[in-house]
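K.L.:
Spelled out, the chains give:
2 protein chains.
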Amino acid sequence: MQEILIGIVGAGTVGGGVIKILNKRIENLRQEQGLPIRIARIADKDPRRQAQFAAYGAICTLDADSILNDPAIQIVVELVGGTTFAKEFVLAALSRKKHVITANKALLAEHGPLIFETAAKENVSVYFEAAVGGGMPIIKTLREGLVANDILSIKTIINGTCNYILTKMSREGLSFAAALDEAQKRGYAETDPTLDVSGGDSGHKVAILASLAGAGYVPFKSISIEGITEIGKNDIAFASELGYTIKLLGIIKKSNDEYLDVRVHPVMLPARHILASVSDVYNAVLLEGDAVGQILLYGKGAGELPTASAVVSDIIDVAHNISCRIGVRIPMRYYSSSHELSIKPIALIEGRYYLRFTVQDKPGVLASIAGLLGEEGISLASVMQKEGFSAKKVPVIILTHVAIEKNLRSALMRIEAMNYIKDHTQVIRIEE
Amino acid sequence: MQEILIGIVGAGTVGGGVIKILNKRIENLRQEQGLPIRIARIADKDPRRQAQFAAYGAICTLDADSILNDPAIQIVVELVGGTTFAKEFVLAALSRKKHVITANKALLAEHGPLIFETAAKENVSVYFEAAVGGGMPIIKTLREGLVANDILSIKTIINGTCNYILTKMSREGLSFAAALDEAQKRGYAETDPTLDVSGGDSGHKVAILASLAGAGYVPFKSISIEGITEIGKNDIAFASELGYTIKLLGIIKKSNDEYLDVRVHPVMLPARHILASVSDVYNAVLLEGDAVGQILLYGKGAGELPTASAVVSDIIDVAHNISCRIGVRIPMRYYSSSHELSIKPIALIEGRYYLRFTVQDKPGVLASIAGLLGEEGISLASVMQKEGFSAKKVPVIILTHVAIEKNLRSALMRIEAMNYIKDHTQVIRIEE
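Chains as they are written, first to last, in the numbering used here: chain A, 1 to 432; chain B, 1 to 432.
What the hints contain is simulated information worked out from the structure, not anything from laboratory work.
Some clues are possibly wrong.
It does not matter which identical chain is meant; a pair holds if it fits inside one copy or across any two.
Result set (SDA-like, lysine to any residue): computed pairs, CA atoms no more than 20 Å apart in a straight line [as the list claims (entries may be wrong)]:
no., residue 1, residue 2
1, 24, 255
2, 24, 334
3, 97, 324
4, 87, 427
5, 121, 31
6, 121, 34
7, 254, 32
8, 87, 397
9, 24, 143
10, 422, 224
11, 121, 32
Remember, predicted model here, so these are calculated numbers, not experimental data.
Model the full structure from these sequences, guided by the hints.
P.N.:
This is the structure we're talking about:
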């Protein structure tokens with residue numbers, strides 16, 4: 001059988017892992033799976049990496065176009081990241097009828113329809129297991145393993161950096177800044193951590209998951225995203241005292257109305273919730289299907305080899321397709337602009353809330369807050385006010401019963417105009 | 001495109017679920033996935049079920065052979081169970097070049113090589129996601145999602161009945177018999193629960209997982225299997241006091257010697273272990289891959305719709321293959337008698353042990369036990385003796401340091417010959 005040639009663009013951490021794993025398994029793939037795979041070309045803009053990978057028998061080059069221009073290369077692996085060069089490169093590879101494997105969540109979340117429509121037109125595949133959840137096979141599980149199900153909801157801890165920071169804050173009482181510093185020292189956070197801690201990275205992954213679960217296109221821009229930068233160590237402590245753990249969660253829920261509910265924000269989870277025990281850099285995806293009930297996947301969502309494991313499983317999947325002369329095995333017709341889904345406006349969501357007001361300690365304050373909440377139809381489930389703070393800035397913690405977000409926002413706007421409010425009010429949604 | 005016709009033999013609980021799910025998704029499969037699937041025939045020996053499924057447009061029959069004899073049927077779904085009729089039926093279907101989907105763990109564990117070799121010869125596929133872990137896509141995860149990995153170990157809670165019983169015993173202090181009774185009342189245990197509580201069902205599933213993880217054939221008969229019938233409520237209580245939870249675990253471990261370590265038995269897990277929190281009828285599979293690290297799958301391992309979800313995902317997988325004119329997409333060359341793996345004799349395993357001796361309370365007993373263990377090179381990590389028992393039958397609990405099983409067995413044989421031993425000694429392996 002003819003060799004199946006692969007071109008890799010981007011030989012950084014994940015790319016290096018892919019090369020290592022393929023090299024280790026290449027004989028096994030030939031013999032056990034009947035797949036004569038070979039890495040033909042590795043392109044990277046850093047010339048030092050050429051020497052590093054020269055031993056693997058591939059042509060190492062600075063010239064990514066040489067991968068596009070090699071007609072014998074049938075599979076292109078894009079591990080550059082970003083949405084500029086990567087977008088042009090992926091589209092060019094597809095237009096030359098090469099299959100594409102990518103770990104690029106930003107690219108798919110922001111330009112998925114263009115990429116999947118181009119692939120369909122050219123009758124080639126785009127595989128992207130590594131874009132979400134590192135080595136956890138969540139994409140395959142959604143597209144194949146649970147294909148018999150209507151996915152009713154997904155709740156996911158999908159950013160290891162944020163989960164590490166929140167775990168550190170929770171276990172060691174650190175501030176956000178101190179926990180971020182620790183994450184950076186250990187290599188769990190980038191020098192510029194904005195994309196992670198702002199929730200943007202989670203948002204990219206959730207946009208992809210929501211499109212698969214909703215069987216329609218969920219534009220990244222339509223998702224309400226909040227990060228963890230405003231979570232204070234006192235919020236973590238109060239949550240713990242109330243029996244909750246604070247996690248950054250991606251939430252996807254089907255409802256009876258016309259909207260798909262898709263969002264990323266910190267939540268308070270009951271401490272006994274299965275996702276509350278997912279700590280450090282681990283990720284987890286809790287799915288609910290109409291047939292299968294609840295399924296959890298748990299594993300490392302990032303790192304050289306876990307992510308490379310996902311890329312290599314995609315390479316093998318595509319190689320099986322090629323050896324069976326298949327262009328597209330599982331169509332992605334719904335991932336297109338013409339199938340765009342309506343996302344529930346955040347104002348319409350319903351739930352319980354944790355509110356931390358910072359008030360001047362004087363008579364009538366609690367009555368005023370409770371009254372203003374009540375006027376918007378929001379009732380209180382519990383109230384906590386602690387001694388030991390300066391009378392000028394006292395935290396008052398309120399957990400509400402179920403309320404509609406827009407009513408809560410109206411009430412908060414009125415409360416924050418009061419002269420007894422001394423700081424920004426913290427709002428964290430409670431997920432049961 | 002030509003319709004893809006399915007024949008189902010066995011329309012009991014799971015079969016009924018498959019028919020319901022397919023009926024619900026059939027339009028979606030045609031439109032979104034381009035798969036014109038139709039159930040052509042349903043065979044069941046119970047004539048009352050014919051009326052039940054007549055509405056679905058399939059021919060309902062008592063005659064399973066009519067499925068084999070219909071040349072238009074390309075996919076046969078075997079949901080009869082057992083290893084007699086099912087074996088003949090599956091082999092006959094394969095020899096007529098029909099793809100087979102089965103949930104039959106006993107059939108594959110006991111006759112896997114014959115079935116997979118026949119399928120390979122006829123160039124058709126056998127899919128069996130529902131045989132292990134109900135709706136959890138563990139087979140697909142092993143064969144495809146983690147294909148880039150060498151699977152180093154699997155630890156799994158894979159029988160819902162046993163896990164329910166152990167959970168009940170642990171939470172409510174019930175005896176095994178009382179917890180089994182409760183499980184039967186709730187429909188979680190069969191009238192004859194032997195296959196479940198003896199560990200046989202777990203053994204069948206573990207044989208399949210071990211063959212996939214080990215990339216070779218693990219005969220069911222070669223696996224050491226113990227059930228939960230001898231677990232006493234005092235063992236559960238002592239375990240809890242020592243910080244452990246008792247679970248029935250399937251264990252698969254690669255080691256540096258010539259053997260694959262494969263076994264099913266009760267273990268004591270540290271209470272903080274991720275598998276210790278898997279309770280009730282839930283199943284979980286904790287895998288370790290050389291690239292991906294630890295991955296956990298968690299979900300309902302049984303029940304009408306979860307199991308049917310797995311069967312339907314297989315139907316769709318095979319239908320994709322058929323629509324692409326593929327006989328066998330992913331070869332299973334290693335699942336054959338010529339690839340049989342050597343399984344580690346239980347005498348050679350190493351680990352820590354919980355020992356519960358029942359002794360007469362008189363001077364020198366503990367010294368004698370400790371001395372005899374010491375003579376076999378087994379040292380004690382902790383000892384617990386309680387007040388409040390009759391002096392004629394006092395429990396003495398010992399946790400050992402790491403020991404080799406054969407040495408432990410030698411010591412126990414010598415200890416049990418002593419006249420101060422008043423009952424059978426309980427041995428439970430500790431898994432860290």
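K.L.:
Please work out whether the CA atoms of residue 97 and residue 324 approach to 20 Å or closer within one copy, between two copies, in both situations, or in neither?
P.N.:
both (16 Å within a copy, 18 Å between copies)
K.L.:
Tell me, please, which holds for residue 24 and residue 334 at an alpha-carbon limit of 20 Å: within, between, both or neither?
P.N.:
Classified as between; 19 Å across copies, 37 Å inside a copy.
K.L.:
What label fits residue 121 with residue 34 when the C-alpha limit is 20 Å: within, between, both, or neither?
P.N.:
Cα proximity of residue 121 and residue 34: across copies only (16 Å, versus 29 Å in one copy).
K.L.:
Using 20 Å as the alpha carbon limit, work out where residue 254 and residue 32 are close: within a copy, between copies, both or neither.
P.N.:
between (42 Å within a copy, 19 Å between copies)
K.L.:
Tell me, please, which holds for residue 87 and residue 397 at an alpha-carbon limit of 20 Å: within, between, both or neither?
P.N.:
Neither way: residue 87 and residue 397 sit 47 Å apart in one copy and 65 Å across, limit 20 Å.
K.L.:
Taking 20 Å as the upper bound on the Cα-Cα distance, should residue 24 and residue 143 be classified as within, between, both, or neither?
P.N.:
Between copies only: 18 Å across chains, 28 Å inside a chain, cut-off 20 Å.
K.L.:
For residue 121 and residue 32, with the copy left unspecified, which applies at a CA distance of at most 20 Å: within, between, both, or neither?
P.N.:
Cα proximity of residue 121 and residue 32: across copies only (16 Å, versus 33 Å in one copy).
K.L.:
Could you figure out if residue 87 and residue 427 sit no more than 20 Å apart (CA to CA) within one copy, between two copies, both or neither?
P.N.:
For residue 87 and residue 427, neither the intra-copy (37 Å) nor the inter-copy (61 Å) Cα distance is at most 20 Å.
K.L.:
Tell me, please, which holds for residue 24 and residue 255 at an alpha-carbon limit of 20 Å: within, between, both or neither?
P.N.:
Between copies, since 19 Å is at most 20 Å while 47 Å is not.
K.L.:
With identical chains treated as interchangeable, where does the CA-CA distance between residue 422 and residue 224 reach 20 Å or less: within a copy, between copies, both, or neither?
P.N.:
Classified as neither: same-chain Cα gap 27 Å, cross-chain 67 Å, threshold 20 Å.
K.L.:
Regarding residue 121 and residue 31, is the shortest C-alpha distance of 20 Å or less found within a copy, between copies, in both, or in neither?
P.N.:
For residue 121 and residue 31, only the inter-copy Cα distance (18 Å) is at most 20 Å; the intra-copy one is 34 Å.
In this structure, the earlier hints numbered 4, 8 and 10 are contradicted, and the remaining ones agree with it.
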